[in-house]
Structure formats: structure tokens, C-alpha cells
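S.K.: Following the hints, complete the assembly by docking chain B onto the known chain A.
2 protein chains.
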Amino acid sequence: MKNKYVIGVDLGGTKICGAVASFSGEMISKYTMPTRAEEGEEAVLERIITVIEKAIYESKVDEKEIVSIGIGSPGPLDAKKGKIITTPNLPFKNFNIVKPVKNKFNIPVYLDNDANAAAIGEYIFGAGKGTDNMIFVTVSTGIGGGAILNGKIYRGNTCNALEIGHMTIEKNGPRCNCGNYGCAEALASGTAIAKFAKEAVEKGEKTSLSNFEKITAYEVFKEAEKGDLVAQNILNQALNYLGICISNIITSFDPEMVIIGGGVSKGGSIVFDKVKEVVEQRCFKAMWENTKIVPAVLGTDAGVMGAVALAIMESK
Amino acid sequence: MKNKYVIGVDLGGTKICGAVASFSGEMISKYTMPTRAEEGEEAVLERIITVIEKAIYESKVDEKEIVSIGIGSPGPLDAKKGKIITTPNLPFKNFNIVKPVKNKFNIPVYLDNDANAAAIGEYIFGAGKGTDNMIFVTVSTGIGGGAILNGKIYRGNTCNALEIGHMTIEKNGPRCNCGNYGCAEALASGTAIAKFAKEAVEKGEKTSLSNFEKITAYEVFKEAEKGDLVAQNILNQALNYLGICISNIITSFDPEMVIIGGGVSKGGSIVFDKVKEVVEQRCFKAMWENTKIVPAVLGTDAGVMGAVALAIMESK
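If you read the sequences in order, they're chains A and B. According to our numbering, the first sequence holds residues 6 to 321 in order. According to our numbering, the second sequence holds residues 6 to 321 in order.
No lab work stands behind these hints: they were computed from the structure. Hints are not guaranteed to be accurate.
Note: identical chains are not told apart, hence a pair may lie in one copy or across any two.
What the hints assert, rightly or not - Lysine-lysine pairs mimicking BS3-like chemistry, simulated, CA-CA at most 27 Å apart:
1. 98 x 20
2. 69 x 107
3. 208 x 69
4. 290 x 86
5. 85 x 297
6. 134 x 157
All values reported here derive from a predicted model rather than from experimental measurement.
Bound-form chain A, shown alone (with noise of 0.2 Å):
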């Protein structure tokens, strides 16, 4: 492996990112365009090509060292045929995203969604280090997760396994944007708790979020911890139900290990603490005793090294 890298591109709504790394994870280049979505397909591929380009010629890297590049995107997406199937915030439809990739590189091309990829980067360079059987649930606008089984990454039939976002935890609950009710991204999100406090406002609740004019997820967390009834209540009731998702998780997968990261991970104690009582309170002792329940270690980085990951994994 000595003196081999690997590409990542982080695809997103508003930038495209991409890296030349070492299979050891360190960052040789890294390079940075906006997407605009709205100049359509063609454009934002010529624009990864570009990315790409511009990322090998900054790292100084022999072009030859070079193995293979991962894509990391919003899903849903097919993994395996290389297909963005629809994403809200790109302008792929049905597009194979991989194939002229390739051609262009001439080396393999993987893409996968980047809860997925996130999955994996925190497996390779992050707090799954060394383990077997992890899953990563990131919590921030939406729910997502990805999971490592047996050392490889696990899509599932349409590679939409660990949709758990979408995993139902209250049967008459709020209506999500899929379409079901009471899915655990309408009750335990950052969306969710931002609009838990508008509606407590919203019905006159004595509460200084009322002081706000937008109300995210991170006013509820700082009014909740200087003191506000109406805040911390809010999270009760969402981190409840957050950790009533990890505790099917858990009796589901057996994992040695659940990674939360995203926005609302940021909490920090008053998040993990209350999802390991949940989840003390309704996994197997046998489960929950050999289940670590920490925070994702990478940081801004996430998206590409998740990306860098993907190639590493994929190239072994």
C-alpha cells in the first residue's frame, strides 16, 4: 500500500469538494467549487472532472499512484450501477454518475450516499477504528445511518439499508416528509426540535425561545441548558424518541459499536446521556453492555474523508 492514494469528492447542494489522501488518511490536497446545481447535469459533471483535476494537480502526486476515486451524494442513489436516482438538491435524474468518471480517469470510480460514506470514514480514520460491526446514525436536518457489517459496508437490496430516519417509533405520530407517520426524523431530528419550539411559541408558552426570530435546533440546546422548561422538555421528549431508534438499532444489529454524529450530535452529554438511559432501559443487558454508544471524531472534513474511505475500502 506504500505510496498509493485515493480520490474523494464530496458532491453536495452547494459545493463540490474534492481530495487527494494516502490510504493512511492523510489529506495531500484538497479543492473546493460551487456546484450550481442549476446549470444542470452536464455542468456539475464537468465541474466534478474539474475538482478532480485540480485536487491531483495541487497534491503533486504521480497521476500513476492514483488507484481510485469515491463519490460520496446525497442519495437515493443506485451503488452498484453507479446511478444518482433523484436528489433534491442536484440536478441528477437517473444519471450514472460513475461511468464517465471513469472514462476520464481511467482508474475504478465508487459512489455511494454519504450517510454511507460517513459510515465508512469514521470506520477507516474515525472512533470505529478497530472494530467489526458499527453503525453510524447521524442526526442533524434529516436521520440517516449507514452500517458496517463483518468489516464491509452494508447497502441492503436497493441500497437504502439503514434508512432509520424513516423507521416508525410512534404510530399516530407527526406526519414526516416521506409520507408516514411519527418516522423517527419527525420526531427526533434537528427539523423536528426546531419545530417542537415553534409550535410551543407558537401556542403563547411561557419560554425564552420566544426571544428568537428563527428557532434552530441550537436555540432549543442553549436555552435548555441555561434553564428553560419549554427547551429542555422539547429534548426530553425528541432525545427520547432518538433513543428509542438506537435501541432498535441495537436490538437489530448487535453492533460493537453506534457512532451518532451530525448537528444535534453537537449537544453533546445531554444527547448521549439520554440515549444510553433509553437504551439501557429497553435493549438486552447483554446488548447494551457491549455496545459503546460515542460521538464521530472527523469533523469538517466528514463529507471528502467519508468519500476517501469509500475508495480505500473499495480498492482492498
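M.R.: Showing chain B alone in chain A's frame:
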């Protein structure tokens, strides 16, 4: 694989059944003895060995052609270490059952819990033949499961994966035997269905269920079929919860197939129609369109054929 055989042992609380079978699943001989758990660990171990010896003798197969032994047992157990941890109807406590059987017959011996063995049985000989990813769910006294992922049994970190009967479906639901509240098993198992029926009768609800001295899930299905509204409501509620449990499994594992076995699955179309209806409401279309939900096909010999299949899978 020509002329090769394995032995399967189905270790149950009331009887021990052993069979010699070919790799293609042809059962050559079968021998059964009562378990007599009350006689203790060594006595039951001796009886397991006797069952194997008798099955070999009756098969007339050359012992050299038998390559391995699979044992399916109630859990919790440690498949990797070959140990039964503890189980209500067997005398074994932290008992390594693999070692003495291996020493006796000098071929590899594999242990797994009965739900996993049944999953492997359906995968190799039953409804799951030809799939890569499938989940087996058994709904009878309790609810359990097993997963074949990428063509291999998935056991998890502590051999407790797919303890799906203890997925929380209703956070303030009835207390489960495990100590948690609102587990699938407490809401949708045969035991739960019978309990809800008994409660309805005790409350004096107008139902034909009050004609029975002892109500099991069987009576509830029968009376519901005959038009009893109380029985129909009980089933509708329980099967709705079972549907949510299976929806959550599909959302998490994205399998090609969910196979439902156990006594409750014998309810037939009333069970499968309701489960499919709930899954269509609650899962992504891309997932439910691509997940077959079907009844188990191995009947009376499911236990011993599961153990046979375990021996075959592990010998490959």
C-alpha cells in the same frame, strides 16, 4: 460435495431430534428422544450424543462421509464459543456444548440459536433459496428473527442480532417479559394475542371468545374468521404492530425477502395482507416494491432442517 452428509440436531425443551441429511437436503434418517431437562446438563448432553449415534446408525451412511454437525438451540447462546448461556427449558448454564460433541465425533460442530438455524434452513432449502439478503421472522409464543446478509448468517457482536421481538413499537405499551415496555413481542406474538382476548372476555365484551375455557391465538383467528368483531379488532391491532415491526426491519435491512414463520403465520392471508398493507404505508416505495413478504415453507421438520442447514452453511 457428492456423497457428503451432515447431521442436524434440534435441541428443544421437550425433545431432541437428530437427522442425517445430504448436502442437497435429503433427509436420510431421523431419530428423536425426550429431552428430560430435569435430569441435568450431563444427562441431556449424553442424550444428544445418543440421538446423533442413533441417527447415524439408522442412516446406514459411512461415518467418514459425514462432515459436520449443526445444533440449533433456544438462546441466549454464544455461537462463536459454542456455549449455551442460559435458557428457560434446558438445564445448561454457561455450558459449552460444542466441545464434548466435537470430541466424541471428531468432526466440526456448530451451534446457533433456533431462529438463526430456521433462517438458514429457509435460505438453503426453503422460501429464501437464491436470495442474497433475507430476514426470517418467527411469530409464535414469542417473536424472533434471523438474517442472511450477503449470503451469510449475521449474528452481531454478542450473537443477539435480530432480537426483533424486543424492538420497541409503542413506547408506553404493555410490559414485556424482558422488562421493557411496548416490545413487538408484547403486542403481536401469539401470547399477546391470547392475552388481549382473555382481557376482552374478562371485561365482559360481547364476543364468542367467551365460549372457550382456554383461549389461544388459534381461537382468536378462528372466531375472527367466523365474524366475531372483538376477535377481529384484537387481530387487526396485533397485526398492525407486527406490520410496524416488519416495516422497521425493512427500513433498516433493505432485504430482498422477509419470510414469516411460526404459529401466527399460519393465520394465512389475514396476516400477510395486513402486514403488506402496513409495510406499503410505512416504507419507501423503492423498498417495499422490492421486498417479497412470504410464508416460511419448511414445516414440521423446520427445526432439524435448520440445524442441518447450519452445518452445511458453516462447512462451505
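S.K.: Each hint needs a verdict: does it hold in this structure or not?
M.R.: Verification of the supplied hints:
{"no.": "1", "hint": "98 x 20", "result": "within (18 Å within a copy, 58 Å between copies)"}
{"no.": "2", "hint": "69 x 107", "result": "within (14 Å within a copy, 52 Å between copies)"}
{"no.": "3", "hint": "208 x 69", "result": "neither (63 Å within a copy, 78 Å between copies)"}
{"no.": "4", "hint": "290 x 86", "result": "between (41 Å within a copy, 19 Å between copies)"}
{"no.": "5", "hint": "85 x 297", "result": "between (31 Å within a copy, 20 Å between copies)"}
{"no.": "6", "hint": "134 x 157", "result": "both (13 Å within a copy, 23 Å between copies)"}
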